[in-house]
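Construct all of the structure, not just a fragment, from the sequences and the given hints.
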Amino acid sequence: MVRRPKIAIIYYSATGNVASLAHNLSEGAESLGAETKVLRVHETAPADAIASNAAWQKFVDTASDEFASLTDLEWADGIALGSPTRFGGPASQLKAFLDTTGGLWAQGALANKVGTAFTSASTQHGGLESTILAINNHFYHWGTLIMPLGYPNDHVRKVSGNPYGASRFASSRNTSDTSHIQAAFSQGVRLAQVAAACTHLEP
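Just so you know, we're using numbering that gives the first Met the number 0 here: the sequence shown kicks off at 0 and counts up by one.
Treat the hints with caution; some may be incorrect.
[What the hints assert, rightly or not] Straight line, CA to CA, 27 Å or less: simulated DSS-like cross-link-like pairs of lysine-lysine:
#, residue 1, residue 2
1, K57, K36
2, K94, K36
3, K57, K94
[Said to hold, decoys possible] Derived DEER-like restraints, expressed as beta-carbon distance ranges:
#, residue 1, residue 2, range
4, P45, T70, 23 to 31 Å
5, Q106, D176, 38 to 46 Å
6, K36, G101, 16 to 24 Å
Rather than coming from a laboratory, the hints here were simulated on the basis of the structure. Glycine included, each C-beta is placed from N, C-alpha and C at the ideal position.
Written out as structure tokens, the structure is:
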């Protein structure tokens, strides 16, 4: 019997936009029968900074996804990492978690898994692609096989348009745009497909 691919979707989200993408991606992977875990990393921002933004405070108070651990990375065949963009790179909260993976890296425990990334920003050209590329740098060092979203269907080719990974322009000026939902779903589908293929290949 062929084993279902195991997908760990690990994210940092301040106001919930990246969390929503994580769950859309999970739905895509699960549609192909993958076993998924949607996990968040710890919030490290000062309490007064969080309190200054009502949406941030609400998400911190209501977020229910479990926290990620290094064991979850070992468990997974495919890994999706998500973060809002911060000056064109991932948020320090996600980076803090990734910085604890040195032991797994030294053991080669993350090599030959499949990795992909996704992001959100409050401006249309606020570093979406560079954030995904910066997250991918961790995969290079781990020896993880990097899977871009690419252009797997007409939706990505003609609507969402970002082959690097699912991305959301999250702004009050852009509330009618829901193209990121299907893009993240498609990324989850593709991650499940590629992880399954890599898991069952003979050396």
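Results of checking the hints against the structure:
For the suggested pair K57 and K36, the alpha carbons sit about 23 Å apart, so the restraint of at most 27 Å is met. A C-alpha spacing of about 19 Å is found between K94 and K36, which places the hinted pair at or below 27 Å, so the restraint holds. Only pairs whose Cα atoms come within 27 Å are accepted, and K57 paired with K94 is accepted, the gap being roughly 23 Å. Separation of P45 from T70 is about 29 Å and conforms to the stated range, judged on CB atoms against 23 to 31 Å.
Restraint check, Q106 to D176: a C-beta distance of roughly 42 Å satisfies the suggested window 38 to 46 Å. The beta-carbon spacing between K36 and G101, approximately 22 Å, falls within the hinted interval of 16 to 24 Å.
The structure is consistent with each of the numbered hints, conforming to all of them.
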